[in-house]
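Protein chains in written order, with full-length UniProt numbering: chain A, 1 to 150; chain B, 1 to 268.
No lab work stands behind these hints: they were computed from the structure.
Hints should not be assumed to be uniformly reliable.
Quick list of in silico lysine to any residue cross-link-like pairs, SDA-like style, CA-CA up to 25 Å [claimed, not checked]:
id	chain 1	residue 1	chain 2	residue 2
1	B	Lys196	A	Asp12
2	B	Lys242	A	Gly100
3	A	Lys63	B	Lys192
Nothing here was measured: the structure is a model prediction, and the numbers come from that model.
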Amino acid sequence: MNPSIHQQERVDVLAKKGTCIEFFSAYQDMDVDRMLGLCAPNGTVSFVPLGADYAGKLHEIGKAVWSALMDAFPDLDNTVKSQQYDEVADAVTCQVVIFGKQEKEFAGLAPKGNGFDSEHIFIFRFDPDGKITDLKIDWDHESFVSQLTR
Amino acid sequence: MRYQKFHPAKVLLPFVECYFIWEGEAAESMQVQSPPNSYSSIVFNYADLYKASQHKAEPVVVPRAFVSGQFTSNYTLWLHGKIGLAGMVLRPSALYNFFGVRMSQLVNARVSLSFLPGLPEEILWTAVKNQSSDEGRIRVLEELALSYVTVAKSNLTVIDEAIDYIDASKGCVSVEAVASHLKISRRYLEKKFLEKVGVSPKFYSRIKRFGNLSNKIAHHEKIDWQEIVEEYGFHDQSHLVKEFMEFNRMNPTRYHLVHQELTRFVKQ
Numbered sequence: 001m002n003p004s005i006h007q008q009e010r011v012d013v014l015a016k017k018g019t020c021i022e023f024f025s026a027y028q029d030m031d032v033d034r035m036l037g038l039c040a041p042n043g044t045v046s047f048v049p050l051g052a053d054y055a056g057k058l059h060e061i062g063k064a065v066w067s068a069l070m071d072a073f074p075d076l077d078n079t080v081k082s083q084q085y086d087e088v089a090d091a092v093t094c095q096v097v098i099f100g101k102q103e104k105e106f107a108g109l110a111p112k113g114n115g116f117d118s119e120h121i122f123i124f125r126f127d128p129d130g131k132i133t134d135l136k137i138d139w140d141h142e143s144f145v146s147q148l149t150r
Numbered sequence: 001m002r003y004q005k006f007h008p009a010k011v012l013l014p015f016v017e018c019y020f021i022w023e024g025e026a027a028e029s030m031q032v033q034s035p036p037n038s039y040s041s042i043v044f045n046y047a048d049l050y051k052a053s054q055h056k057a058e059p060v061v062v063p064r065a066f067v068s069g070q071f072t073s074n075y076t077l078w079l080h081g082k083i084g085l086a087g088m089v090l091r092p093s094a095l096y097n098f099f100g101v102r103m104s105q106l107v108n109a110r111v112s113l114s115f116l117p118g119l120p121e122e123i124l125w126t127a128v129k130n131q132s133s134d135e136g137r138i139r140v141l142e143e144l145a146l147s148y149v150t151v152a153k154s155n156l157t158v159i160d161e162a163i164d165y166i167d168a169s170k171g172c173v174s175v176e177a178v179a180s181h182l183k184i185s186r187r188y189l190e191k192k193f194l195e196k197v198g199v200s201p202k203f204y205s206r207i208k209r210f211g212n213l214s215n216k217i218a219h220h221e222k223i224d225w226q227e228i229v230e231e232y233g234f235h236d237q238s239h240l241v242k243e244f245m246e247f248n249r250m251n252p253t254r255y256h257l258v259h260q261e262l263t264r265f266v267k268q
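So that you can see chain A by itself, here it is in the shape it has in the complex (with noise of 0.2 Å):
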């Protein structure tokens, strides 16, 4: 076996991983901005939990709804704890805790001073162009409303 050649990582699933990274980077920046232009126009988001109402592209629902986190939670940070990239699907999971403290109202909840820690599934698909196609994002929804109205 030559393990430089059976263990090198491929260039384009390198260039993935690296686009989910900018794009928690751009998160911690709060850059809105930033993290959409790593996706492709028409590219589209699924927020798991909170339903159709909550699923459509990442230009519109995704911009509405980190915009609205960020407002919300001006402290909003996050640490990437692994990327995984699957061959059949070629997408790249990411496990990621988000948390922050609450700040002004979310989604219906008036803040009480309290943060939210939760892990969060990403789930990344790409364009041959690199930009982010699809975005699955899931998490415990009950755990971070109950965090939240302690």
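Starting from the known structure of chain A, fit chain B onto it as the hints suggest.
Then chain B, alone, in the frame of chain A:
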């Protein structure tokens, strides 16, 4: 088991933190876990192959000559058999300054050295492997670094000053304060920092703060936790515990205890 550090030539100090040799034998399977540490590296393995994993992912075999960028979470090395590693611990922007690569691609990754443009992986690995002494191996690493020093110097920018400023502040500084100190806009700092380091300045400060804090806890017999909370800018003790659990998989009290036991063991 032997882990020894070596200092780089003075001209390399802006880029190379140190070199290391790690040799030993893991007769039983051995796991070594590490928090993110803000450095990148180039490593040559001249002994048995080993595996690495991050968070809950399956361990994967590490290339025998690899480059790695920043890590965003704790990782584990799975070693078994003969250990022989020679490496270069690099300052956060060094890989960008040497090779001009897109650093975000190297985050959370150990990538075969051939990823770096112009590096003859096979020749370098053979040169390291064939050396019979630490000095010989370190010389191969030093010559490699020196061959890039001119180009690396020409790539130094205000972002390298930002890194130095965050380091000097032990990571206890806001992005706004760094931008203001360097008289650049926050958005410019964030964009260019990501390009050169691979993570945001906010996250870099966080891991730098964690590294400094861990070092303090490890080397002090008595700890005033409230003082730590205030000195390192945590909201409260639960915030401190959360940071420790996230990066080190144990709470700070346990970490302190483990290091005190280790210190007593070493003294004996």
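**Request:** Starting from Lys242/B, check that the Cα of Gly100/A is at most 25 Å away, please.
**Result:** Distance ~13 Å between Lys242/B and Gly100/A Cα, so the pair holds.
> Regarding the pair Lys63/A and Lys192/B, is the alpha-carbon distance no greater than 25 Å?
Replying inline: This hinted pair holds, its Cα atoms lying about 23 Å apart.
Requested in this report: For the pair supplied as a hint, Lys196/B and Asp12/A, confirm whether the alpha-carbon distance does not exceed 25 Å.
Outcome: 20 Å, holds
The structure meets every hint from the earlier list without exception.
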